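Okay, here's what each chain looks like letter by letter:
Number of protein chains: 2
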Amino acid sequence: MSERADLPGTDPAQFRVHVASQAIRLFSENGYEATTVEQIAAAAGVSRRTFFRQFRSKEDVIFADHESLLEHVAEFLASDSADPWASVCEAAGLVFDFFRRNRDLSMRRYRVVQHVPALRDRELVTGFRYERLFVDYLRSAVPREPVLEVVGFAAAVTACHNYLLRSMIKGDEDATAEALSQALLDVRRTYGVASGSKTSTPESKSVLVVAFPPGTSAEEISRKIHEQLG
Amino acid sequence: MSERADLPGTDPAQFRVHVASQAIRLFSENGYEATTVEQIAAAAGVSRRTFFRQFRSKEDVIFADHESLLEHVAEFLASDSADPWASVCEAAGLVFDFFRRNRDLSMRRYRVVQHVPALRDRELVTGFRYERLFVDYLRSAVPREPVLEVVGFAAAVTACHNYLLRSMIKGDEDATAEALSQALLDVRRTYGVASGSKTSTPESKSVLVVAFPPGTSAEEISRKIHEQLG
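Read top to bottom, the protein sequences are chains E and A.
The first sequence begins at 1 in UniProt numbering and counts up by one.
The second sequence begins at 1 in UniProt numbering and counts up by one.
I should point out that these hints are in silico values taken from the structure, not numbers from a laboratory.
Check before you lean on any hint, since a few could be wrong.
FRET-style restraints, in silico, Cβ to Cβ [unchecked claim]:
#	chain 1	residue 1	chain 2	residue 2	range
1	E	37	A	129	55 to 63 angstroms
2	A	143	E	49	50 to 58 angstroms
3	E	36	A	74	37 to 45 angstroms
4	A	33	E	79	41 to 49 angstroms
5	A	120	E	140	51 to 59 angstroms
6	A	74	E	42	33 to 41 angstroms
7	E	49	A	178	34 to 42 angstroms
8	E	118	A	143	13 to 21 angstroms
9	A	219	E	140	27 to 35 angstroms
10	A	143	E	170	33 to 41 angstroms
11	E	37	A	195	26 to 34 angstroms
12	E	49	A	100	30 to 38 angstroms
13	E	36	A	195	53 to 61 angstroms
Partial pick of chain A residues on the chain E-facing surface, computed with a CB cut under 8 angstroms [stated by the list, open to error]:
#	residue
14	37
15	69
16	119
17	124
18	128
19	141
20	142
21	145
22	155
23	159
24	160
25	163
26	190
27	194
Since the structure is predicted, the reported quantities are computational estimates derived from the model, not experimental observations.
Ideal placement from N, C-alpha and C gives every residue a C-beta, glycine not left out.
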């Protein structure tokens, strides 16, 4: 039997997603513990041996689409970018879009994962791999930025993304791609790296910030600034 | 044999830390796989049964001090605070101080964990429990703040803490408690929640931000501001 005959033209990433979908369907129908590797292989139309060439375990298969997605995100980040901070946010958007397009599958997985502590842990670890990818990318793309700023930014982007992703999967109608874009723009503004702030005025400008009581006259403000600068 | 006779006056938290220390010593001397639960129990002066009353597995014991520490952090956050954002940073400081005081143990554990992927994953999951504690605390302490701001802030604090904690454990002399305080103050400033920003001067000041080329004279700057304000 040709094991891939039923999947003409699929690449390895699509193949992994196909097996993952079948596995998640079986887990949600029959329970995670009760489902065997043999049943998953049969449902996916592959042999047990082919299954184990691609996956080490049942636990492995349930997040198999993340492997492909992580590669996709890494490729996306590897292309040139005029604004690395925005690229990280776009990369997070790609992840969100993928799971929104596969929302039924994501929801079924969510329900399976909630009941198996080992899978919940595995999901957290998987999420952390995106964060590490973002940190590694930014450290090479904006090497002069303080490392802790990069670390904090990547963590904030990942956490906001994960929060909205979970909300979307649980059926929150407000957790849209647009809401994510806005949330990640807010993170960039918070860190002073939105277009129009740090990014577009790198070395060509100095910036002066002045705080004063409301109602202060323009003359008074000018005079105080002059004093400080002089 | 009285199992606790060699540990007079210790409370359950100290007892767990004691067993964890002995386990980590054995893991680092003999390897993680080669060390048995029996050897850990013997080194800690407890029976196998007592061991399994406290821990489910070898994997459990290596991070046992985190359990106590998480409880300690939760208690700390449960007390009243005039500045919840600062309290979260202080809580992260408590964690850092604990591992700095036990740096030898932390370093031995670090070396063991690096070689066992399952333990590395477990450590990530443990770290995430602090982040979730911070999110839950802030959502109840500052309920009017947008949830994504809280989520991003807690993630940034946790990530910066973890980065400096790892640096400290690996022997970086610059990764001090003071460096952590400064880094977390920077996170609060980034989010506009440091004392002196959002917290203490909410409506009493207006702020003017002016960008200008370096070398611009004070007169020129004053004139431009005057123009804009007028």
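Here is what the structure says about each hint:
A beta carbon spacing of about 31 angstroms between residue 37/E and residue 129/A contradicts the range 55 to 63 angstroms that was offered as a hint. Separation of residue 143/A from residue 49/E is about 55 angstroms and conforms to the stated range, judged on CB atoms against 50 to 58 angstroms. Separation of residue 36/E from residue 74/A is about 40 angstroms and conforms to the stated range, judged on CB atoms against 37 to 45 angstroms. The hinted window of 41 to 49 angstroms between residue 33/A and residue 79/E holds, with their beta carbons roughly 42 angstroms apart.
At about 23 angstroms, the beta-carbon gap between residue 120/A and residue 140/E misses the expected band of 51 to 59 angstroms. Taking the beta carbon of each, residue 74/A and residue 42/E are about 47 angstroms apart, not inside 33 to 41 angstroms as hinted. Residue 49/E and residue 178/A have their C-beta atoms about 57 angstroms apart, which leaves the hinted 34 to 42 angstroms range violated. The hint said 13 to 21 angstroms for the Cβ distance between residue 118/E and residue 143/A, and at roughly 33 angstroms that hint is violated.
A hinted range of 27 to 35 angstroms is violated for the C-beta pair residue 219/A and residue 140/E, which are about 43 angstroms apart. For the pair residue 143/A and residue 170/E, the beta carbons lie near 21 angstroms from each other, so the given range of 33 to 41 angstroms is not met. Taken as a hint, the range 26 to 34 angstroms is violated for the pair residue 37/E and residue 195/A, whose Cβ atoms sit roughly 57 angstroms apart. Remark: the range hint 30 to 38 angstroms for residue 49/E to residue 100/A is contradicted by a beta-carbon distance near 51 angstroms.
Restraint check, residue 36/E to residue 195/A: a C-beta distance of roughly 58 angstroms satisfies the suggested window 53 to 61 angstroms. At its closest, the beta carbon of residue 37/A sits 20 angstroms from a beta carbon of chain E; the interface hint therefore is violated under the 8 angstroms criterion. The beta carbon of residue 69/A is not positioned within 8 angstroms of any beta carbon in chain E (closest approach about 19 angstroms), and the interface hint is therefore violated. Because the closest C-beta pair between residue 119/A and chain E is about 12 angstroms apart, greater than 8 angstroms, the hint is violated.
Interface hint at residue 124/A: satisfied, since its Cβ lies 5 angstroms from the closest Cβ of chain E, which is below the 8 angstroms cut-off. At a threshold of 8 angstroms, the smallest CB-CB gap from residue 128/A to chain E is about 5 angstroms, leaving the interface hint in force. Interface hint at residue 141/A: violated, since its Cβ lies 18 angstroms from the closest Cβ of chain E, which is beyond the 8 angstroms cut-off. Proximity of residue 142/A to chain E is violated relative to the hint, the smallest CB-CB distance being about 16 angstroms (cut-off 8 angstroms).
Proximity of residue 145/A to chain E is violated relative to the hint, the smallest CB-CB distance being about 12 angstroms (cut-off 8 angstroms). At its closest, the beta carbon of residue 155/A sits 3 angstroms from a beta carbon of chain E; the interface hint therefore holds under the 8 angstroms criterion. For residue 159/A, the shortest C-beta to C-beta distance to chain E is roughly 3 angstroms, which falls under 8 angstroms, so the interface hint holds. For residue 160/A, the interface hint holds, the least distance from its beta-carbon to any beta-carbon of chain E being 5 angstroms, beneath 8 angstroms.
Hint status for residue 163/A: holds, given a least beta-carbon distance of 5 angstroms to chain E, under 8 angstroms. Nearest Cβ of chain E to the Cβ of residue 190/A: about 6 angstroms, under the 8 angstroms cut. The hint holds. Here the hint on residue 194/A is broken, as its CB sits about 13 angstroms from the closest CB of chain E, past 8 angstroms.
Against the hints set out earlier in the document, violations occur for numbers 1, 5, 6, 7, 8, 9, 10, 11, 12, 14, 15, 16, 19, 20, 21, 27.
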